[in-house]
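Peer 1: Quick mapping for you: the protein sequence lines, in order, are chains A and B.
Position 310, counted from 1, in the first sequence is what my numbering calls 310; the numbers after and before it change by one each time, with no gaps.
Position 355, counted from 1, in the second sequence is what my numbering calls 355; the numbers after and before it change by one each time, with no gaps.
Don't take every hint at face value.
One copy or two, it doesn't matter: identical chains are merged, so the pair holds either way.
[As the list claims (entries may be wrong)] Once the Cα atoms are required to be at most 27 Å apart in a straight line, the calculated DSSO-like pairs of lysine-lysine come out as:
{"no.": "1", "residue 1": "Lys162", "residue 2": "Lys190"}
{"no.": "2", "residue 1": "Lys162", "residue 2": "Lys184"}
{"no.": "3", "residue 1": "Lys50", "residue 2": "Lys155"}
{"no.": "4", "residue 1": "Lys196", "residue 2": "Lys112"}
Derived by calculation from the structure, the hints in this document are not laboratory data.
Given next are the chains, with one letter for each unit.
Number of protein chains: 2
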Amino acid sequence: MDHNIINIEELSNKIETLIDDNKVSHLRELVEDHYPADIAEAMSKLEEKKIIVALRLLSTDVVAEIFTYFDYDIQEEIINTYSSQQVKELFEEIFTDDIVDILEEMPSNIVKKVLRNSSPESRLQINSILKYEEQSAGSIMSVEYTKLRTTWTAKQAIEVIKEQREETEEISSFYVVDGLNNLKGIIELKTLFFAKPETSISNLMDERIVYVYTSTDQEHVIEQFKKYDIITLPILNSQNKLVGIITVDDVIDVIEEEATEDIHKMAGISPTEDAYFKTSVWKMVRSRSVWLLFLMISATLSQIVISVFMKIYNSNSTGEQQVEQWSISYIVTMLLTPLLTVISGTAGNAGSQSSTMIVRALSLREVETKDFARVMWKELRVASLTGLILVSANFIRMVSIYAVEYKGDINHPELWYSIATLSIAMYLTLIISKLIGGLLPILAKKIKLDPAVMAAPLLTTIVDALSTAIFFSIGLIFFWQQIQGG
Amino acid sequence: MDHNIINIEELSNKIETLIDDNKVSHLRELVEDHYPADIAEAMSKLEEKKIIVALRLLSTDVVAEIFTYFDYDIQEEIINTYSSQQVKELFEEIFTDDIVDILEEMPSNIVKKVLRNSSPESRLQINSILKYEEQSAGSIMSVEYTKLRTTWTAKQAIEVIKEQREETEEISSFYVVDGLNNLKGIIELKTLFFAKPETSISNLMDERIVYVYTSTDQEHVIEQFKKYDIITLPILNSQNKLVGIITVDDVIDVIEEEATEDIHKMAGISPTEDAYFKTSVWKMVRSRSVWLLFLMISATLSQIVISVFMKIYNSNSTGEQQVEQWSISYIVTMLLTPLLTVISGTAGNAGSQSSTMIVRALSLREVETKDFARVMWKELRVASLTGLILVSANFIRMVSIYAVEYKGDINHPELWYSIATLSIAMYLTLIISKLIGGLLPILAKKIKLDPAVMAAPLLTTIVDALSTAIFFSIGLIFFWQQIQGG
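This is chain A alone, in the form it adopts within the complex (with noise of 0.2 Å):
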């Protein structure tokens, strides 16, 4: 169907021949009649050694074009290997805020390394837009672009637009400020071109300018753009005066990591920024193991409403049927039943947290359904990690719990099979959880059905009868002797 889908990989093996081959001048040929875009990706594919060879094959700008789009371990990696003056000459070419956004990735010794071969200029504007707290408007916004004054002629105006237009983004639409860089005015590309040359700019401009602050939240200029349906807003300082623009091709970005925030927190994962496999698995188990922990001491609410209502039930006043302390009906019942609501829930929490994470990241690409087994070993890793944790804090959890319900007499074996139960219980449907929250959506995928459908539902069920199976199956070894002997 689409034009790119086949060539990647073929793109590919012809980059890595014309290297291998040292054909200088092919090589440049063909990543001329490509899209950076498309060439990065195909680089990607190759031994970083190789990549580094080919970019030293190609000239400095278009080096740059496609540098932006390389993920960020190779971009490091470029970074490490080019001299200071390679460093200096390929930076010299990229825009401000893609800088910005690379040098955020990076560990500080590269970004001391960039900023070390930026000349003054260019390492003030970085640094400008690296102290804007990160979501505003500042921290996503360009410097480089065209400014118009009020009192310039049209003729004037076009003349510095194309003094200005290899430094500056391509946009169809100016910004006009007076001469103490208050914005008056916005003017079309268009309008420009087709005034009289003698025309005054202030003539020209539309008044009515929509703008935000370097301190407003990226989801406000979300809505910005959503509501007036622009292609750049204009960012002023708190001093009003305009600081830079922010243009709508930056904001599909900006868009999507909202909407996976969102996603992540309604699952109960704390936000991360980075890409699945982008994210470390300790990170992954503290982002997910905060909500997880609460989750679970909350789950003592059910737990105690249970025992409460199976203490009622139990209390009949005829003595003949009360069930006995200690006898196995007061243990499933009493010590059992109560735990149902924490192992059910605690999978399914897990279960979810997972399968959401999956189900993102297939959707923008960021795993495929040929990761697979990458995705597993993640989540195993992530999941034993995240286990631990979980059991150490219900083993507390359920102590004090019985210290308080039994008045500080826990010393039953009753109930510390009923602990060693569920810690056990809890630490296996973890594990397994987790791993089918993760295998679900991508065997959804390759049977070409919805990963966001076929995950959700489905992971509900089977979590939940499996926790409950293994649940009662441990039980059913640690309370062998009671069931046998009644």
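Once you've looked at the hints, dock chain B against the given chain A.
Peer 2: Quick look at chain B alone, frame taken from chain A:
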């Protein structure tokens, strides 16, 4: 902070005063000084009659600018009250892709009225877009754009652009085709203007073009915009001819639509396209009950697992403590406990459907905190109807399970009490969960907490404990005699 937060109310009052005083020229001035989106928002706050009066005072091209920003119900009202001639004039000023957007939401009598009053040419265009499958590139493309020819000079191209500038979408790059309408290249407006007038277009254009087909899924369209950082994307038909373009501002709506779809699906809500308050109660009942039904029926699996284990635990060999049929111990372990997973699962799912919808609607500003009462009223009606469906299905489910379990002999009051307990508890918890699910995100937003973070975990905790308590309380009423009698 932002220029347009205070204005809307004020603007609305100003407009109302000008209408009441019949100050036509002042109204026209006011409208021209503001963005169409703001004017539409301000007017929307007035009575429908006043909106119609206001629009009659404005010229058709101004009305056309505002018109697309109104909600569908206001648009419908306007078309209804307009004469055929007025409709014709109005829609001549609106871009075809916007007309299609509007028509897709309108009842068929309105669609007929509009199509009847369109020129044959634009009727053809509208129908050509309407025929494409929903969510395909064809269904969201624009057909009004300027095409350039490979054989033209820069001067000729500029003349054509100047001529067509009023009727085509404002874009900064143009597509170049050959005599057979095959896409040959893309050219920037700037390149064109700064080129020597006699240069041939084929020498100026960039032959690297990203394109998709009319049948391409909109998700793939989004990917192209993200990957290549482009502002427009050309659309080809199956014969590889250029038939339309998609501009980046239209893609923003599509991105949010796709994210909303994913979010809803993950919460077990069949996707509906409309905003929260635009979706009818009955449509919501349908979009939610499908998955609630599926999940409730799937919960049978967990119910069986618990039943099986309860039997094993109760089957101790000595017989001394063996649970007698229809005793209170039997009722608790064999009848009520296996239903725990069904009641808390259904309550949780129903609640998270509501909270997910409200969280998303809040973040897209479709719902504001002041809509609190409206949300509660809507959720109450949705829950009442959904409850009827679920409880009926559950009745059949329970009778079937007991019929199998008790080999057709279900004529024991205890079994019917158990069915009644679950049915009543399910109806009550469904309503309560949906109300809490709608309430929590709004409450969170009101006290300036993040609705997405606060709603999910709190909801689970509250709904779980509440549904369990309601279930066992109702059970107490039905089984009081057995508890007392033993």
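Peer 1: For every hint, state whether the structure bears it out.
Peer 2: Here is how each hint holds up against the structure:
1. Lys162 <-> Lys190: Both ways: Lys162 and Lys190 sit 14 Å apart in one copy and 8 Å across, limit 27 Å.
2. Lys162 <-> Lys184: Cα proximity of Lys162 and Lys184: in one copy and across copies (22 Å, 26 Å).
3. Lys50 <-> Lys155: Neither. Shortest intra-copy (49 Å) and inter-copy (45 Å) distances fail the 27 Å Cα cut-off.
4. Lys196 <-> Lys112: neither (49 Å within a copy, 44 Å between copies)
Hints 3 and 4 from the earlier list are contradicted by this structure; the remaining hints agree with it.
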